[in-house]
Structure formats: structure tokens, C-alpha cells
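Engineer: So the chains spell out like this:
2 protein chains.
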Amino acid sequence: MDQKVNKYQELLTDLLTKYAGRFNQNANNIKTQPIIDTERNHFQLLRLGWDNNRYTFSVVFHFDIKDGKIWLQENRTDILIAKELVELGVPPTDIVLGLQAPEDRAYTGYAAA
Amino acid sequence: MDQKVNKYQELLTDLLTKYAGRFNQNANNIKTQPIIDTERNHFQLLRLGWDNNRYTFSVVFHFDIKDGKIWLQENRTDILIAKELVELGVPPTDIVLGLQAPEDRAYTGYAAA
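Heads up: the protein sequence lines correspond to chains S and R, in order.
For what it's worth, our numbering labels the leading residue of the first sequence as 1, then goes sequentially.
For what it's worth, our numbering labels the leading residue of the second sequence as 1, then goes sequentially.
Check each hint, because a few of them may be wrong.
Label pairs and their calculated CB-CB ranges [unchecked claim]:
| no. | chain 1 | residue 1 | chain 2 | residue 2 | range |
| --- | --- | --- | --- | --- | --- |
| 1 | R | T17 | S | N53 | 47 to 55 Å |
| 2 | S | P91 | R | A101 | 22 to 30 Å |
| 3 | S | K83 | R | N52 | 25 to 33 Å |
| 4 | R | T38 | S | Q3 | 37 to 45 Å |
| 5 | R | M1 | S | D2 | 30 to 38 Å |
Simulated from the structure, these hints should not be mistaken for lab results.
Beta carbons are placed, not taken as given, at the ideal position from N, Cα and C, and that holds for glycine.
Working from the sequences, and respecting the hints, build out all of it.
Structural biologist: Below, the structure is given as C-alpha cells:
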């Protein structure tokens, strides 16, 4: 279990770091930062900053690792990020779409909890 | 500088842990979790979960430590959290209200950047 959790921690860190780099290629004042808490197993990508008198504070992705599974809790993009996890080697049975209603998760092709 | 940053890291961790405990006294399914990234110096309190067929995903507080100062980037409460930092011993010159427009910060009583 611990070895699997370590693997998922590294995988999520790499994934969020990759997307932070992509988002930060835009040359405006909104910065994208990964937030990595391997002690509590929370992983987030956050965009924030002031641009043209407008404040942006927006969570792009948020994952938790709970009981050896990756929970997707937020996705404000049209990127199929759970599918990307599968392509990176995570079995669908280890992925929970937490942002879907619990009673709908049985039909997602991923784990229900 | 490093000693000061360590002190602010501990202070923010304690503060968010305290508020997580308070929010979690509510007996519903929305859980409040601190996210602590001392490597990148991001500190967040997040509420999330399903309750009565409704999904909550809401950042309560978010702080960054940058250049030895504490930046308040989000506060979705009516708690005067910057004032609380001052009461905990942080000088107002080490606090930046990042969620205020840069040109307004000179009038906040806190640091402008």
C-alpha cells in the first residue's frame, strides 16, 4: 500500500507540475502553482493573480489520495484528467470521481468509492 | 529570514488546523481540510464533500509566504484573519492583502507587496 501511495504521490506531483508549466506559458500576470501536501495527501493546481484590475483565484484541479485511491475532487477544465491518470498506469478501480454524485459513480467506469 | 519563514510556516499550520477543527464540529458531510505545502510555501483551508445531493468545493482561506511576508490570497469568511495574524505576533509590514487590488494596498494598514 505504502509503495503504491508513494507512486501516486509522485505521479500527481509530476502531472500538476507539467500542467503548471503549460499554464504559465501564457504571458499574463495570472500564475499557476501546484500545491503538494504529501503528509495529508492533497494535491492541487491553483491559478491566481491580478490582471487588468481583475483578481483570479481559481482551483484548476484537486486530487486527494484516500485508502490507496486517487480521488478527483475538482476539474475546471475540459481535460479528461482521469483518463490521463489511466494512461499513466493507474487502474480505473483506483480512481474515484469525487466530484460526481456518489450514486452516479457506479456508471462512470471508475471506482464508486 | 529562514528562521522567520519557519515561524510563519508553523503559525499558519496551527491557524489552519485550529479553523479546520472548528469547521469540522458541524455534523454534516462537508469536511474541512488544511493543505500545507512547506516546500512551496502554500497554505490553504478547503471545504469539500457531498451533502443533500449538493457538492461543495470551496477554499476558505489561502496564504502564501513570499520573500518573508505572508500573503493573504483568499478569505471567504467574515473573520478578520489578517488582524488575527497581527495578534499572533506578525508585524503588519509582513502581511500583504494579495486579494486587494495592488493600488489599494497602501491604504490597508498592511504591506503593499
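Engineer: Confirm or reject each hint.
Structural biologist: Evaluated hints:
Taken as a hint, the range 47 to 55 Å is violated for the pair R:T17 and S:N53, whose Cβ atoms sit roughly 35 Å apart. Hint check: S:P91 to R:A101, Cβ distance near 47 Å, so the stated range 22 to 30 Å is violated. At about 30 Å, the CB distance of S:K83 to R:N52 agrees with the hint of 25 to 33 Å. At about 24 Å, the CB distance of R:T38 to S:Q3 disagrees with the hint of 37 to 45 Å.
For R:M1 paired with S:D2, a C-beta distance near 35 Å keeps the hint of 30 to 38 Å intact.
Going down the numbered hints, you'll see the structure goes against 1, 2, 4, while the others check out.
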